[in-house]
Amino acid sequence: MISMIAAMGENHVIGLEGRMPWHLPNDLKFFKRVTSGHAVVMGRKTFVSLGKPLPGRRNIVVTRDRTFSPAGVEVIHSLEKIKDVRDTVEEVFVIGGATLYNEMLPFAEKIYLTIIHEKFAGDTLFPKLNEQEWQVVSTEKGIIDEKNQYEHTFYVYERK
1 MISMIAAMGE NHVIGLEGRM PWHLPNDLKF FKRVTSGHAV VMGRKTFVSL GKPLPGRRNI
61 VVTRDRTFSP AGVEVIHSLE KIKDVRDTVE EVFVIGGATL YNEMLPFAEK IYLTIIHEKF
121 AGDTLFPKLN EQEWQVVSTE KGIIDEKNQY EHTFYVYERK
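For the sequence shown, UniProt numbering begins at 1 and goes up steadily by one.
It cannot be assumed that every hint is accurate.
[As the list claims (entries may be wrong)] Heads up, simulated EDC-like pairs for lysine to aspartate or glutamate below, C-alpha to C-alpha not over 16 Å straight-line:
1) Lys29 - Glu140
2) Lys141 - Glu131
3) Lys110 - Glu91
4) Lys128 - Glu103
5) Lys81 - Glu91
Keep in mind that the hints were calculated from the coordinates and are not lab data.
Using the sequences and the hints given, assemble the complete structure.
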């Protein structure tokens, strides 16, 4: 199964200049819990922003750059290869960036989406979901505390 996982502001912003425009440890814990032990697929810019492979996961980077070959990741050069990966694992997670989210949305069966109830300045957006195609199957309010100062909700969507 191909799943997507992301966090976004109410205005669909997911990034500003290659970074998330918020600090929300609860979301990072959610991301780790959901993706650990699975394959994660990301674009080259997302990998570069992370700086290293994510531990405890099979890291796959999609890029057109045939010379890109960092240690600790598998590099693929087409979306078709993601579909091949899907056939060998229980669940593969698309983790960004925006180009990959847009390209893979038609193939996704599930979306784990944290919505941060603020509007952020940003230059990178998560695609709008067609309500005719997706249904919410799980909702959990995030806890606000001194480390997590934004109101947020964890949603899981499945394709209808």
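Each hint tested on the structure:
For the hint pairing lysine 29 with glutamate 140, the CA-to-CA distance comes to about 14 Å; that is within 16 Å, so the pair holds. With a C-alpha separation of about 21 Å, the suggested pairing of lysine 141 with glutamate 131 is violated against the 16 Å cut-off. Straight-line distance between C-alpha atoms of lysine 110 and glutamate 91 comes to about 10 Å, which keeps the hinted pair within the 16 Å bound. The straight-line distance between the Cα atoms of lysine 128 and glutamate 103 is roughly 13 Å, inside the 16 Å bound, and the hint therefore holds.
Of the supplied pair hints, the one linking lysine 81 and glutamate 91 holds, its CA atoms being roughly 14 Å apart against a limit of 16 Å.
The structure shown violates just one earlier hint, number 2.
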